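Visitor: Chains A and B, in that order, give the protein sequences. Numbering-wise, the numbering used here puts 6 at position 6 of the first sequence, and it's gapless, one number per residue. Numbering-wise, the numbering used here puts 235 at position 235 of the second sequence, and it's gapless, one number per residue.
Everything labelled a hint here was simulated from the structure, so no lab data went into it. All of these numbers come straight from a predicted model, not from anything done at the bench. Any given hint could turn out to be false.
DEER-style ranges, computed between Cβ atoms [stated by the list, open to error]:
#: 1; chain 1: A; residue 1: P57; chain 2: B; residue 2: A297; range: 50 to 56 Å
#: 2; chain 1: A; residue 1: P57; chain 2: B; residue 2: D293; range: 36 to 42 Å
#: 3; chain 1: A; residue 1: K118; chain 2: B; residue 2: F322; range: 25 to 31 Å
Every residue gets a Cβ at the ideal spot worked out from N, C-alpha and C, and that includes glycine.
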Amino acid sequence: MAKTILVVDDSASLRQVVSIALKGGGYDVIEACDGKDALSKLGGQKINLIISDVNMPNMDGITFVKEVKQLPNYKFTPIIMLTTESQESKKQEGQAAGAKAWVVKPFKPEQMLAAVSKLVLP
Amino acid sequence: MNDEPTSLSWGLTGLGAGAGASLLTLAPTPTGAIAAAALGVLGVILDRRAAGRHVRLRDAALATRQAAHEHALESLREAQRQGLRAFDASILPVWLEQLDTARRQMDSAVVHLTREFAGIVNRLDEAIAESYRATGLASGGGSEDGLRQVVDASERRLGIVGNILTTTLNDKDRMLAESQRLVQFTAELQQMATDVASIADQTNLLALNAAIEAARAGEAGRGFAVVADEVRTLSNRSGEIGKNISQKIEYINRGIKESSAMVEHAAERDAQARTECEAQITSVVGDFKVAMDGLSASASVLRSENEGIKQAVAAALEQLQFQDRINQLLMHVSDNVIALRGRLADGELASADVTRLVASLESSYTMDDERRPITAKRASGASASEITFF
Chain A
1 MAKTILVVDD SASLRQVVSI ALKGGGYDVI EACDGKDALS KLGGQKINLI ISDVNMPNMD
61 GITFVKEVKQ LPNYKFTPII MLTTESQESK KQEGQAAGAK AWVVKPFKPE QMLAAVSKLV
121 LP
Chain B
1 MNDEPTSLSW GLTGLGAGAG ASLLTLAPTP TGAIAAAALG VLGVILDRRA AGRHVRLRDA
61 ALATRQAAHE HALESLREAQ RQGLRAFDAS ILPVWLEQLD TARRQMDSAV VHLTREFAGI
121 VNRLDEAIAE SYRATGLASG GGSEDGLRQV VDASERRLGI VGNILTTTLN DKDRMLAESQ
181 RLVQFTAELQ QMATDVASIA DQTNLLALNA AIEAARAGEA GRGFAVVADE VRTLSNRSGE
241 IGKNISQKIE YINRGIKESS AMVEHAAERD AQARTECEAQ ITSVVGDFKV AMDGLSASAS
301 VLRSENEGIK QAVAAALEQL QFQDRINQLL MHVSDNVIAL RGRLADGELA SADVTRLVAS
361 LESSYTMDDE RRPITAKRAS GASASEITFF
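Chain B on its own, in the form it takes in the complex (with noise of 0.2 Å):
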């Protein structure tokens, strides 16, 4: 646009130069060059003039359309600051409510989990602490001992019994050993019983020998003849004595061999009933232990879940920690949102405004997820647990 008036000026130039020209090749004449030379200067002449008007418009052009142009820029900086007053009005209002909103409904839904949570972890407490009760357990680190040595304290019981039915038993051979040994001492007495009837006999007829000489021997034996009487009755009566103890003995023989028979039966009996008892006390026990082991088993896993659940417990508790950091970023958040508003209200926000924003919400910063930058935000996550002592 600005070499406009130059080529109409060199134009006009041009056309004085070549009618200069032509006139000189019609009329090459000392006036003829001077009437030349006159019209390429007055069509440099012309072409100043037309020069100079043609800036005159150019400038007023210039400044008709600068002039629309900066009602339009004020227009449009008006727009802007009733746009950001409107966004201050507005939205703004809207951010920092929703803002609030989210961070309280998110407080509250943390403090409702964790509540929960902690009662899942008590109920769970109450629930493994019954069953150390309800099994007999130590609980609290313990063992199934307890219950162990609760099997072991009944088994030794069991044994007592037992013992107690083979004393009993061990008795009852001896009361058969020692009516085997009366049966023998019987056999004794029976012989005994049997020689005192010989003896009697022997004596009987020594006596009735005797009454025969007294017989002899006439009037003086008469009085020899009554001892041999009285002897002879003696050994009668002896010899009776003898066969009634002959007939006693064989009645405690007898009585002796049939409770032998009877203790032996009962031993037997008894011999039986213990073994069958320590088999059952065996067959009790057994179950008493596969039960123990059961319950142990039990335990066990009950104990080994418990760990894994409080290995789980621990790492939710770290985990639920988010809400407190979430909740800073939000306040943070909010308090440059505020500042924002105090910027915003005149409708002007200048770049040293923003400056001042994003050096004022950087210094309010408090964790590294908010220093780093977003990239590696991304990469890291939140940071691991630091302790430091002083």
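In isolation and in its complexed conformation, chain A is listed as follows (with noise of 0.2 Å):
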């Protein structure tokens, strides 16, 4: 059974890029428009990563890790960043959060299947 990954971000054309990489690697996916939209959509359902964009509306990608932090559903799903930014103050606060990894934008969407490959829940 193929396993779920939850992509959040803001930019319709950037969920697809995520998602054709990441189905072309034989993962399903389950996008969301920003944090809040991303915690109606975990509804309990097994989710084997999260990536998540930072700057977004109405719920910041940084809020949304401590809010998935806080269920204790998702509290132990590997959760990683996918952002423009770059400063190393952010990358700190997404670790403090409880981001796995960091990752850049634009990203290369073999070395993104082998970030995901390394952290994805079995």
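Work from the hints to combine the two standalone chains into their complex.
Guide: The following block contains the structure:
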């Protein structure tokens, strides 16, 4: 059974790009347009990994990560931050919130798949 | 302009001094000298008074001119304020709308492009999978082994048909050998029949001699003559049976020879058929192999193309992310234009406001592209993918 990855980004085109890359690697993908939308889509289902943008309307990525880490079903779900932000201070914020990796856009699909396969839950 | 009163002053002083000097020349007496000095002092006094009047006139002119300047400046400032208000009311909303339209159109276009792109990738995957199914090749990282196995299995099964033909042919060879052995037996039987006939002749001759001797013996040999006669009858019958056996053997011999000839002929034809069959099988299998090699080469090209397309897809996926970056750049510009509107609404824009706006814009930057100077950006372009594991 294919593993499921939740992709959170306010850019529809970027969600599609990430989805194409992940589906090419054999993963199922659920899309959400911001942190709030993503929380509503978790719904107790099995999520093997989350990829989230940082700068988003309604609920930004760092807040979303903190919220996810409060949920018993998802506190151990690995999260990759995917953002244009490359400042060290921001990365440290992500790490403190509980993210497992920080990927700066634009990403190479094979590198993203390598990072995903390294972190994804069985 | 400031030098005018001084030069005028010096002019009246000079005139007084000159008149004094002339009087002293004409009347070189103490009284003349006093008069000359008085003329000089008078020149200086007149000079001072003229200078004071001139300064007052100049100051008045300057005040008038400054008032006119300030009026013009105020008009200019008012015009500038009106311009800024007009800029705030007319130009900035248009810029904001155009920025928003550009973002929305670009997002829509890239979403559409990405969706089309995903469709192409899916159709390509399906086409390749269908090709694998149609050719019997193993899909996904497989090779032409599937088809090769089919051809090899076909070759083996056709080889079995050849073996069956060979076995049949061998059976016929054995049958022919057996027939030839039977011909040898019939020759022996023929000899035995001839021997039987010869024995019958000799027995007949003996019986005839016995009958002659019995006749010579007279009454005493009469019984013996009967026996001799019976022996002759038996020998005659033996001779006839021998002839019959000989005839039957001849029939059998002919039949065996004809059968052998037929079997031999059939064996020749079977051997010929087997050779032809093997040649046909070899030819068909060869054609299969050529076709398989063609399919294999085609599949190899397909796989290679697929690999190339996958790489192109990966590169395109990376490039398609430009929209997200440009969207962020435009959003930051929009935010700054909105902040600028607040400053322009009251028609004033101080340099401190500009500094604050620049600082606000810089604080919203997320990408290195935004932070780097324009010249550096032109040289380097977007930074490469970077992954940090925590």
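Visitor: Run every hint past the structure and note whether it holds.
Guide: The hints, checked one at a time:
1. A:P57 to B:A297: 50 to 56 Å: Roughly 54 Å apart at Cβ, these two residues keep to the hinted range, so it holds.
2. A:P57 to B:D293: 36 to 42 Å: violated, 59 Å
3. A:K118 to B:F322: 25 to 31 Å: holds, 27 Å
Going through the hint list in order, the structure does not satisfy hint 2, though it satisfies all others.
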